[in-house]
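Number of protein chains: 2
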Amino acid sequence: MSLDIANFEKSTNKFGKLTPQILQDFEKIVGKEYVFTDDKNRDAYSRDHTEDYSFLPDVVLKPRTPQEISQIMKICNEHVLPVTPRGGGTSLSGGALPTNNGVVISMERFNEILEIDTLNLQATVETGVITEVFQNAVKEKNLFYPPDPASKGTCFIGGNISHNSGGPKAVKYGVTRDYVLNLEVVLPTGEIIWTGANVLKNSTGYNLTQLITGSEGTLGIVTKIVFKLRPYPHKNIALLVPFESNEEACRAISAIYIAGVTPSGMEFMEREAIERTAFYLEDKMNQKTSIDLPDNIQAHLIIELDGNNEESMMIDAEKIVETLENGFKIGEILFADSDAQKEELWRLRRNISPAVNAYSLSKAEDVVVPRGNLPQLITAIKTIGNEYGFRSVCFGHAGDGNLHVNILKENISDQDWNTKVNDGIGEIFKEVVRLGGMLSGEHGIGIAKRPYMSIALGEANLRLMREIKKAFDPNGILNAGKIF
Amino acid sequence: MSLDIANFEKSTNKFGKLTPQILQDFEKIVGKEYVFTDDKNRDAYSRDHTEDYSFLPDVVLKPRTPQEISQIMKICNEHVLPVTPRGGGTSLSGGALPTNNGVVISMERFNEILEIDTLNLQATVETGVITEVFQNAVKEKNLFYPPDPASKGTCFIGGNISHNSGGPKAVKYGVTRDYVLNLEVVLPTGEIIWTGANVLKNSTGYNLTQLITGSEGTLGIVTKIVFKLRPYPHKNIALLVPFESNEEACRAISAIYIAGVTPSGMEFMEREAIERTAFYLEDKMNQKTSIDLPDNIQAHLIIELDGNNEESMMIDAEKIVETLENGFKIGEILFADSDAQKEELWRLRRNISPAVNAYSLSKAEDVVVPRGNLPQLITAIKTIGNEYGFRSVCFGHAGDGNLHVNILKENISDQDWNTKVNDGIGEIFKEVVRLGGMLSGEHGIGIAKRPYMSIALGEANLRLMREIKKAFDPNGILNAGKIF
Numbered sequence: 000m001s002l003d004i005a006n007f008e009k010s011t012n013k014f015g016k017l018t019p020q021i022l023q024d025f026e027k028i029v030g031k032e033y034v035f036t037d038d039k040n041r042d043a044y045s046r047d048h049t050e051d052y053s054f055l056p057d058v059v060l061k062p063r064t065p066q067e068i069s070q071i072m073k074i075c076n077e078h079v080l081p082v083t084p085r086g087g088g089t090s091l092s093g094g095a096l097p098t099n100n101g102v103v104i105s106m107e108r109f110n111e112i113l114e115i116d117t118l119n120l121q122a123t124v125e126t127g128v129i130t131e132v133f134q135n136a137v138k139e140k141n142l143f144y145p146p147d148p149a150s151k152g153t154c155f156i157g158g159n160i161s162h163n164s165g166g167p168k169a170v171k172y173g174v175t176r177d178y179v180l181n182l183e184v185v186l187p188t189g190e191i192i193w194t195g196a197n198v199l200k201n202s203t204g205y206n207l208t209q210l211i212t213g214s215e216g217t218l219g220i221v222t223k224i225v226f227k228l229r230p231y232p233h234k235n236i237a238l239l240v241p242f243e244s245n246e247e248a249c250r251a252i253s254a255i256y257i258a259g260v261t262p263s264g265m266e267f268m269e270r271e272a273i274e275r276t277a278f279y280l281e282d283k284m285n286q287k288t289s290i291d292l293p294d295n296i297q298a299h300l301i302i303e304l305d306g307n308n309e310e311s312m313m314i315d316a317e318k319i320v321e322t323l324e325n326g327f328k329i330g331e332i333l334f335a336d337s338d339a340q341k342e343e344l345w346r347l348r349r350n351i352s353p354a355v356n357a358y359s360l361s362k363a364e365d366v367v368v369p370r371g372n373l374p375q376l377i378t379a380i381k382t383i384g385n386e387y388g389f390r391s392v393c394f395g396h397a398g399d400g401n402l403h404v405n406i407l408k409e410n411i412s413d414q415d416w417n418t419k420v421n422d423g424i425g426e427i428f429k430e431v432v433r434l435g436g437m438l439s440g441e442h443g444i445g446i447a448k449r450p451y452m453s454i455a456l457g458e459a460n461l462r463l464m465r466e467i468k469k470a471f472d473p474n475g476i477l478n479a480g481k482i483f
Numbered sequence: 000m001s002l003d004i005a006n007f008e009k010s011t012n013k014f015g016k017l018t019p020q021i022l023q024d025f026e027k028i029v030g031k032e033y034v035f036t037d038d039k040n041r042d043a044y045s046r047d048h049t050e051d052y053s054f055l056p057d058v059v060l061k062p063r064t065p066q067e068i069s070q071i072m073k074i075c076n077e078h079v080l081p082v083t084p085r086g087g088g089t090s091l092s093g094g095a096l097p098t099n100n101g102v103v104i105s106m107e108r109f110n111e112i113l114e115i116d117t118l119n120l121q122a123t124v125e126t127g128v129i130t131e132v133f134q135n136a137v138k139e140k141n142l143f144y145p146p147d148p149a150s151k152g153t154c155f156i157g158g159n160i161s162h163n164s165g166g167p168k169a170v171k172y173g174v175t176r177d178y179v180l181n182l183e184v185v186l187p188t189g190e191i192i193w194t195g196a197n198v199l200k201n202s203t204g205y206n207l208t209q210l211i212t213g214s215e216g217t218l219g220i221v222t223k224i225v226f227k228l229r230p231y232p233h234k235n236i237a238l239l240v241p242f243e244s245n246e247e248a249c250r251a252i253s254a255i256y257i258a259g260v261t262p263s264g265m266e267f268m269e270r271e272a273i274e275r276t277a278f279y280l281e282d283k284m285n286q287k288t289s290i291d292l293p294d295n296i297q298a299h300l301i302i303e304l305d306g307n308n309e310e311s312m313m314i315d316a317e318k319i320v321e322t323l324e325n326g327f328k329i330g331e332i333l334f335a336d337s338d339a340q341k342e343e344l345w346r347l348r349r350n351i352s353p354a355v356n357a358y359s360l361s362k363a364e365d366v367v368v369p370r371g372n373l374p375q376l377i378t379a380i381k382t383i384g385n386e387y388g389f390r391s392v393c394f395g396h397a398g399d400g401n402l403h404v405n406i407l408k409e410n411i412s413d414q415d416w417n418t419k420v421n422d423g424i425g426e427i428f429k430e431v432v433r434l435g436g437m438l439s440g441e442h443g444i445g446i447a448k449r450p451y452m453s454i455a456l457g458e459a460n461l462r463l464m465r466e467i468k469k470a471f472d473p474n475g476i477l478n479a480g481k482i483f
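Residue numbers (numbering that gives the first Met the number 0), protein chains in the order written: chain A, 0 to 483; chain B, 0 to 483.
Watch out, some of these pointers could steer you wrong.
Pairs count within a copy or across copies, as identical chains cannot be separated in the list.
DSSO-like, lysine-lysine: derived pairs with alpha carbons at most 30 Å apart [as the list claims (entries may be wrong)]:
(1) Lys-341 with Lys-328
(2) Lys-16 with Lys-234
(3) Lys-140 with Lys-318
(4) Lys-429 with Lys-223
Hint data in this document are derived by calculation from the structure and do not stem from the laboratory.
Only a predicted model underlies this, so the values are computations on that prediction, with no experimental measurement involved.
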């Protein structure tokens, strides 16, 4: 197979046309000042963070209430107009791209934190709130919302629902779906529903909340979210552990769990990730990195512990060190207890993606396998890269088995980039599935991984998913062409 | 509305008939010795633990492999025969009752733990394994499977998937769905699928794993489950805290969380629950209960802490005591650190249901609200009981907001029991929904709560659920008449 994803999606469906009458109706619903048809605005909403893809919408709407979205959806459903909901636009899989043109509904005016309920440790929030803004607001009440995607400073919490975002703390605290209690959703047919109730346990019918979480905006437009929260853990320490091989690093992770410790961060960085990031930090940001990279070191783990009790964290840290020193080929452990040291470690980790992208266009893959199989996966990725002519940088949430693979365009021709490299990615996905894994751990399928779905899922699974889509969206207007 | 649930379900669908030819085909598939049509066996599979309900199946099958179930389902689908999958038969909502007669598929021969993967902290298990057997097997490897329904000694782990079971430890560790990574499922149309992969994070299409978990055996027959596991927490302590009112007890729960403590158990018992259970333990089991019940005490919490580090547990316990003593009207806290004391507390808690059922038939409700609203709920339950002429005993997983309400038949006539009391339960459910709650926290809807679904869920929600059911089961043969 040869895949040109950027040209893959257009007009596979028979959609209706946006007419002046419909535009007038939109203006009546949301107000003239929130309907945008000019080139500049359409262009601004034509992209997300997925490579250099761009698809122009016909119109951008910025509604403020679920009722407005409901009216918009009824019109779009009647006229079979494609609708693409949009959060912060930071998707790496093409989730926010209006591949069929049509209507973009931007959620940016749904930006209110409606309630932080300290009695029940819950919060109700609109979907256009920026993730980090929400985290900080609950932290002020001594509460903790753990999911923390790297884009947390600009992504919308609604996008985190769409893609079931994770981040470094997922390894201890779980992903977005583990915090969602209830969703207010506008269905493609215009009804407004709550998917469940604001309760911690629920065995009352099928779990629509969990079905919609991670469905990439294809089943409904989420307008409000009720999250459960945790008490805030105020203390943390971090260890940087150098390993002589990727395999040793991955084996160590399981050993630490077996020892009874549950770290709040367990990040893997292959040697090249650190080298490139240290170079980038010095080259572009004038920041020197103090971390040594002896010749025999091939991989590092950042291991973070958190809590409210320093003694018990120190006991866990000692257990980790004892486990590592007794069973693994490691270099000298850096024990980061000062804020400056911790900040340097996490700055390094957070800047891997920017560092990679600063010198080359890249495709960001996001595969996940049982964590014990990570070493084989990394080896396979490098072998396939050699064969198909691309280089890659591997890093990520190893405690979850979730590996980020940034594939570099560098000097690859556009033609090869859109065909041969995609074929190579297909080979990586086959290996991922052979190792018991899946295409995406937290970025979603969107359009970028859609052509590969049959590698991971059988026809019966895909049929069920298509039928579910049809149950929610009989005319197939909402984020059409995503996932499958 | 007046509801006679026991007579509510029969033959609402047009099903086909079991013929001698079909029976012969079943014998070919599973072997003659695993096809049961005699009265004794049919009778044994006509009941679960839901009141005194009984529905006779036409035939009971005991297959051994997913392939056998696939062949059975293809025949049943072709002839539109109703099929009821059955685990340990401990359902409290009628989940395992063959309300349309037809075929019962008992999962009792799917009783193997296939793999305990200590590298990835996962286990693969067949659905007929008893929950406690599974817990003990992983404990031997120093691993922990937290969900622990009261019926864990006899229920099947597959039933826990169907109902999304919880138990006391859910308050810290989550419910069954939080541990399910992947399911092997035979669809009603006969295909065998895996719903996902054995990975900790997955954003690859709609989450069929989470959709099937808690679907009460209506979407497919689960044959294998992959669970994630945790390191085993070897130490625990328990506190019994007496409160002067239900409200104080419930308010204390949130305060403990806000103080930064996450207990591994947070069980509420109203005064009458303890009185009845102490009486029962002495009357029927000749065991004296040492717990004092001063006149001013209306409710108790059992608060359990667990972990591997005694110091940090003691620090948490001190934090709890400080929080309670500074802000709440409590009696003397019993600090149970000996095994005998802890065992007495949990024996008391576990025996509430048996104690209630020993002296009266009962209806076991299982409502869930945001935990801060529990006091209002308990008050409302008592008021409604007075109005509709029934008494109830309230207890349960208060940390989750999950209240068990055992409604006593005592001297109520059969007529009133099946109509007036059901109407009163409807009033309780309305109050639950008004308080932001749901009909079931962990027992499921089955047939017992089905007539009340429209109190909790709007028509659009129910339509989506029916359409999802149709996508999986176009002929409506699998556990038909359950949930909706």
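Each hint, compared with the structure:
1. For the identical chains of this complex, Lys-341 and Lys-328 are intra-copy neighbours only, at 24 Å inside a copy versus 43 Å across copies, given an alpha-carbon limit of 30 Å.
2. Within a single copy, Lys-16 and Lys-234 get their C-alpha atoms no closer than 56 Å, and across copies no closer than 66 Å, so neither meets the 30 Å cut-off.
3. Taking the closest pair of Cα atoms, Lys-140 and Lys-318 come within 30 Å of each other only across two copies (18 Å); inside a single copy the shortest separation is 32 Å, beyond that limit.
4. Proximity of Lys-429 to Lys-223 under the C-alpha cut-off of 30 Å is restricted to the inter-copy arrangement: shortest distance 23 Å between copies versus 37 Å within a copy.
Hint 2 alone, counting from the list given before, is not met by this structure.
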